[in-house]
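K.L.:
Chains as they are written, first to last, in my numbering: chain A, 1 to 506; chain B, 507 to 834.
Worth flagging that the hints you see were computed from the coordinates, not collected in a lab. This structure is a prediction, so every number in the text was calculated from the model and none was measured. The C-beta atom is built at its ideal place from N, Cα and C for all residues, glycine as well. Any given hint could turn out to be false.
As the list claims (entries may be wrong) - One-sided and incomplete, this derived list gives chain A residues near chain B with beta-carbon spacing under 7 angstroms: (1) Gln435; (2) Leu438; (3) Leu439; (4) Ser441; (5) Leu442; (6) Thr443.
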Amino acid sequence: MDRSGSAGGHGPRARATAHELERYEALFAARTRGMKSSAMREMMALTERPDVISLAGGLPDTSTFPPELYAKLMAQVAAGSTARALQYGPTEGLAVTVRCIVEVMAAEGTEVEPSEVLVTTGGQQVIDLVCKTLIDPGDVIVAEAPTYPGAVPTFSAYQAEVEQIEMDADGMPIDELERTLDRLHAEGRRPKFIYTVPNFQNPGGVTMSIARRRRLVEVARERELLILEDNPYGLLRYEGEALPTLYSLDAEAVGGRGTSDLVIYLGTFSKILAPGLRLGWAVAPRPVLEKMNLGKQGSDLCSSPVTQLFVAEYFDQRGARGGPAWLEYVEDLRVHYRARRDAMMRALAEHFGDGAVWTHPQGGLFVWATLDERIDTTDLLALARKTEGVAFVPGRAAYVDGRRGGSSMRLNFAGVAEADIHEGIGRIGRAMRQQLALLGSLTAGRRDRTRGAGPGEAPAGAEQAVDGDATVPPGAGSTEPGAPLADVVELPRRGEHLRARRGNDR
Amino acid sequence: MSATRRVAVLKGGRSLERAVSLRSGAHVQEVLERLGHEVVPIDAGPDLVDELVSASVDVAFVALHGREGEDGTVQGLLEALAIPYTGSGPAACMRSTNKVLAKLIMEEAGVPTPRFHAFPETSIKELGAAAAIPAVEDDLGFPMVVKPAVGGSALGVKFASASEELPGALVGAFSYDRTVLIERYVEGRDLAVSVIDADPDGDLDSRATALPVVEAVPREEDFYDYESRYEIGMTTFVCPAELPAATTARAQELAVRVYELLGCSGVARIDLMLERDTEELWVLETNVVPGMTETSLLPQAADAAGIGVEALVEQMLASASARRVATR
Chain A
1 MDRSGSAGGH GPRARATAHE LERYEALFAA RTRGMKSSAM REMMALTERP DVISLAGGLP
61 DTSTFPPELY AKLMAQVAAG STARALQYGP TEGLAVTVRC IVEVMAAEGT EVEPSEVLVT
121 TGGQQVIDLV CKTLIDPGDV IVAEAPTYPG AVPTFSAYQA EVEQIEMDAD GMPIDELERT
181 LDRLHAEGRR PKFIYTVPNF QNPGGVTMSI ARRRRLVEVA RERELLILED NPYGLLRYEG
241 EALPTLYSLD AEAVGGRGTS DLVIYLGTFS KILAPGLRLG WAVAPRPVLE KMNLGKQGSD
301 LCSSPVTQLF VAEYFDQRGA RGGPAWLEYV EDLRVHYRAR RDAMMRALAE HFGDGAVWTH
361 PQGGLFVWAT LDERIDTTDL LALARKTEGV AFVPGRAAYV DGRRGGSSMR LNFAGVAEAD
421 IHEGIGRIGR AMRQQLALLG SLTAGRRDRT RGAGPGEAPA GAEQAVDGDA TVPPGAGSTE
481 PGAPLADVVE LPRRGEHLRA RRGNDR
Chain B
507 MSATRRVAVL KGGRSLERAV SLRSGAHVQE VLERLGHEVV PIDAGPDLVD ELVSASVDVA
567 FVALHGREGE DGTVQGLLEA LAIPYTGSGP AACMRSTNKV LAKLIMEEAG VPTPRFHAFP
627 ETSIKELGAA AAIPAVEDDL GFPMVVKPAV GGSALGVKFA SASEELPGAL VGAFSYDRTV
687 LIERYVEGRD LAVSVIDADP DGDLDSRATA LPVVEAVPRE EDFYDYESRY EIGMTTFVCP
747 AELPAATTAR AQELAVRVYE LLGCSGVARI DLMLERDTEE LWVLETNVVP GMTETSLLPQ
807 AADAAGIGVE ALVEQMLASA SARRVATR
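With the hints as constraints, model all of the structure from the sequences given.
P.N.:
Here it is as structure tokens:
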């Protein structure tokens with residue numbers, strides 16, 4: 001290689017590239033190592049196109065909010081509180097907004113003191129502030145598996161180590177949690193808090209049973225651990241009895257004061273009203289809340305008074321049926337989303353059938369479906385977006401290690417019209433069957449080797465690859481429309497099944 | 507420095523490499539503007555041809571990665587519109603971007619490339635090709651790498667370390683292309699050699715010249731994956747790679763040979779493996795539209811050769827016009 005004078009015009013400015021690279025790299029904080037964009041996320045960005053049916057969003061349906069009411073409320077804020085709306089507000093939030101939050105908490109069956117509420121910029125900020133307050137690099141957060149994909153980058157940014165507890169139909173198994181805590185203790189590692197979405201979990205769609213809720217609070221008390229209870233969808237229940245919040249269970253256990261001393265509660269207006277408001281809240285033990293308040297000062301001083309006043313105006317409105325407008329809106333959302341949940345269940349039974357198992361969410365926004373374990377849903381997304389025009393969230397996004405969850409997917413039903421749910425699931429089903437058929441052909445070929453049989457004798461196709469298995473968890477596999485559907489989050493171990501069969505063949 | 511020109515920067519598109527392409531394009535734009543050229547950025551979509559025609563540019567800079575940008579599609583369009591463009595022509599693009607074709611050409615010419623077998627999806631569906639897989643397993647041994655024939659995103663690249671992992675890996679790779687190849691896994695060091703037509707004046711006798719070898723050292727993962735390839739800090743790049751002089755010379759010689767064999771022009775990046783056990787070099791693939799982001803290997807290699815990014819970009823523009831003149 002001729003390095004001398006091979007090119008003209010390389011003055012000092014011309015040597016920017018590698019030097020720029022080194023310069024930035026040397027300046028980046030160690031924590032940015034854990035902050036990475038992923039090919040999967042980039043692929044998902046490509047699905048944001050009009051011809052793609054996206055079941056990937058975490059979106060509520062904001063089109064259901066009456067436009068006239070929105071206009072009226074904004075006009076009231078503008079006319080009645082111009083200077084206040086345009087000014088900074090207190091870090092803890094406006095008192096009029098905190099009053100609304102106390103009302104929402106009461107609807108969740110949970111009494112809270114206004115002084116224990118911190119208004120935040122969306123629920124996401126609560127996760128950030130809790131980490132900012134509690135996590136030193138290397139501290140452990142115990143979370144569910146799968147966990148809320150949006151929490152993963154926050155945990156990574158604070159260099160937390162995340163231990164994930166595999167869920168079943170009743171949420172996080174507490175005996176499993178205890179074993180993990182024992183192991184961490186033996187390893188000299190320090191868990192700081194347990195992160196859980198107890199109601200209609202994102203992405204799993206499962207709900208933590210009352211027995212486990214009680215036991216979780218006991219375990220946290222015994223071990224002096226905090227719990228971050230993330231409850232964005234509690235009021236969006238479509239069937240079954242509402243379960244008490246962890247916050248209220250702990251407050252009960254504390255007795256007397258009526259406030260919890262180890263649960264940090266995360267609430268948000270995003271799903272019961274609108275995510276565009278960017279308003280959420282934390283309810284937390286006072287010493288924790290004070291630190292979070294200081295942390296919030298450093299982050300954004302205060303959440304927007306414009307949207308806080310909007311909420312306050314809204315909570316003063318009466319609805320068409322004579323009750324508080326916000327509660328009536330939540331009731332309407334429940335009816336609206338229940339129909340979509342049911343449409344999703346019907347579509348899954350029709351189009352996924354035996355090829356998958358999925359959860360039956362009693363509320364919330366999401367279903368978690370798990371396919372044959374040899375199907376990688378990231379690859380399936382690549383195929384489905386290209387050939388079918390449909391998108392979903394590959395399960396791996398919900399695991400911190402980015403490895404587990406490879407055969408699962410999160411499906412949003414709340415933000416998608418019923419016709420699109422049906423069509424979208426149909427499209428994913430087609431792509432899935434295409435992959436299963438190919439797998440069938442390939443595994444048929446593999447069996448030929450052990451048997452010495454000709455290709456003609458080999459059964460091929462989807463059914464072969466996903467045939468019934470004695471280890472299917474209770475409730476799985478029912479595909480009758482309207483019948484209780486799979487309330488599970490995991491498929492049987494197909495690989496082991498296959499290996500066992502091959503072993504026998506030999 | 508050459509005269510001011512009106513340059514269309516083609517970037518984006520709809521492939522899985524859209525995000526990287528946008529960053530390559532943005533970086534190229536910035537450099538072109540520093541050089542005093544007039545830039546017309548074009549995000550390749552349904553209006554590409556209209557935009558190209560109405561922009562009436564002197565030359566197009568192809569910073570479009572992924573299928574349409576690299577498989578000759580866009581190059582063919584630019585030929586039809588008689589717009590000079592950077593990089594290789596349609597035939598070289600087709601030969602390089604289809605890994606199966608490229609490897610067959612290399613095998614024929616005696617260029618070392620890891621042993622492989624290719625399977626179109628139709629051969630499995632219609633010709634019972636699955637029955638040939640045991641033979642492939644015996645021939646290549648584990649672990650194996652399964653790759654889509656076309657596509658630069660590491661998303662489709664799978665490892666199979668045992669027989670039972672192969673069907674899943676194949677189905678995964680088939681999600682990205684209708685043909686996949688199964689390749690012997692070469693364990694060793696990841697090297698990349700960029701080759702440029704090193705003649706700043708655009709003379710017709712410009713010669714393919716290899717830039718210093720870059721080594722990509724994965725920082726965390728055991729595989730040099732898509733993320734680490736494009737994110738600052740995920741992979742350490744060593745340039746020039748710390749190699750014995752003979753190995754460097756051999757890698758550069760192989761790269762130039764492949765560049766010429768496939769008929770590349772302007773610039774290309776050839777990826778190689780230096781096998782740990784045998785210390786042999788193996789050519790994996792050729793990228794006809796190499797990344798031009800701040801962290802990409804080509805700008806780094808040029809920099810190590812004393813060619814700043816401005817000079818590199820200027821040279822690519824010059825060779826665009828030169829090739830056009832040469833083919834007339």
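K.L.:
Compare the structure with each hint and give your call.
P.N.:
We went through each hint and held it up to the structure:
{"no.": "1", "hint": "Gln435", "in the structure": "holds, 5 angstroms"}
{"no.": "2", "hint": "Leu438", "in the structure": "holds, 5 angstroms"}
{"no.": "3", "hint": "Leu439", "in the structure": "holds, 5 angstroms"}
{"no.": "4", "hint": "Ser441", "in the structure": "holds, 5 angstroms"}
{"no.": "5", "hint": "Leu442", "in the structure": "holds, 4 angstroms"}
{"no.": "6", "hint": "Thr443", "in the structure": "holds, 5 angstroms"}
Violated hints are absent here; each numbered hint is respected by the structure.
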